[in-house]
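Q: Residues 281 to 470 in my numbering are what the sequence shown lists, from first letter to last.
Just so you know, these hints were derived from the structure itself, not from any lab.
Treat the hints with care, since some could be wrong.
Label-pair distances were calculated between CB atoms; the ranges are [what the hints assert, rightly or not]: (1) D360 x Q323: 40 to 50 Å; (2) S363 x Q323: 11 to 21 Å; (3) T412 x R342: 30 to 40 Å; (4) P385 x G428: 30 to 40 Å; (5) G361 x G428: 18 to 28 Å; (6) K357 x D389: 31 to 41 Å; (7) E426 x S329: 27 to 37 Å; (8) S329 x A451: 16 to 26 Å.
Note that the coordinates shown come from a computational prediction; the quantities given were computed from them, not determined experimentally.
Backbone N, C-alpha and C define an ideal beta-carbon position, used for all residues, glycine too.
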Amino acid sequence: MIGRSGSGRRALPLILGVVAALVGFAGVGTVLSGTSSAEARLQKYVSGSGDKEFFASDLQFRANFPTLPARTTQAIKSLDGVSMVLYTSEVGDGGFSAGAIDRPPGHFDLNMAVNGAAAGTGGHILNSSLTTFQGFPAAEFVIAVEGGRYDKGLLVLAADRIYELQSLDTANPPRGYDHFKASFHIAAPS
Numbered sequence: 281m282i283g284r285s286g287s288g289r290r291a292l293p294l295i296l297g298v299v300a301a302l303v304g305f306a307g308v309g310t311v312l313s314g315t316s317s318a319e320a321r322l323q324k325y326v327s328g329s330g331d332k333e334f335f336a337s338d339l340q341f342r343a344n345f346p347t348l349p350a351r352t353t354q355a356i357k358s359l360d361g362v363s364m365v366l367y368t369s370e371v372g373d374g375g376f377s378a379g380a381i382d383r384p385p386g387h388f389d390l391n392m393a394v395n396g397a398a399a400g401t402g403g404h405i406l407n408s409s410l411t412t413f414q415g416f417p418a419a420e421f422v423i424a425v426e427g428g429r430y431d432k433g434l435l436v437l438a439a440d441r442i443y444e445l446q447s448l449d450t451a452n453p454p455r456g457y458d459h460f461k462a463s464f465h466i467a468a469p470s
């Protein structure tokens, strides 16, 4: 468990490492950390009373986050010219993220993306299944990552983009993931 002071700053390398690992293996993602003072905010969010509605006009999705998310963009070294846009909301010892990359040309393997996420983080897959989301092929997964954390997420393979949403927490499954997933909607599918 990350301590109270500076926990967000110490989590940044882990966030970027997981993002790079997921994308490097044909997927996207993030992990998050915050302060323990946010526990009440997380509980309100899980109960549905602390939602912050958000619309990402650049990626054409909407979702309810526990706090207004911060936007980041990162170039993907393994995919020349492709950048990932990610919206992140940190809460306590966990957090939520949603974002997308433009779909690279060629075949995209959802199973490989999930396996790459686990390998890239030094974690291991606890559960993974192929599914659909809003009519698009998708993969839902739970990965045990370093620090006793669990990353539950969904990769959605739309026509021109690969969307991701996920939650990280010390609880398995991460608290609030189902609420977050239920609020996620691709507004204008690519």
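Q: Determine whether the Cβ-Cβ distance between E426 and S329 falls within the hinted range of 27 to 37 Å.
A: holds, 32 Å
Q: Are G361 and G428 spaced within 18 to 28 Å by their CB atoms?
A: Violated, since G361 and G428 (Cβ atoms, about 37 Å apart) do not stay within the stated range.
Q: Take the C-beta atom of K357 and the C-beta atom of D389, compute their distance, and say whether it sits inside 31 to 41 Å.
A: About 19 Å separates the Cβ atoms of K357 and D389, which means 31 to 41 Å is violated.
Q: D360 and Q323, beta-carbon distance inside 40 to 50 Å?
A: For D360 and Q323 the Cβ distance comes to about 43 Å; the hint holds.
Q: For the range 30 to 40 Å, tell me whether the beta carbons of P385 and G428 fit it or not.
A: Holds: the Cβ-Cβ distance is about 39 Å, inside 30 to 40 Å.
Q: Given the hint of 16 to 26 Å, is the C-beta distance from S329 to A451 inside that range or not?
A: holds, 19 Å
Q: For the hint 11 to 21 Å, verify it against the beta carbon of S363 and that of Q323.
A: violated, 35 Å
Q: Could you say whether the range 30 to 40 Å given as a hint is met by the Cβ separation of T412 and R342?
A: For R342 against T412, whose Cβ atoms are near 19 Å apart, the range 30 to 40 Å is violated.
Comparing the model with each earlier hint shows violations of hints 2, 3, 5 and 6; every other hint is respected.
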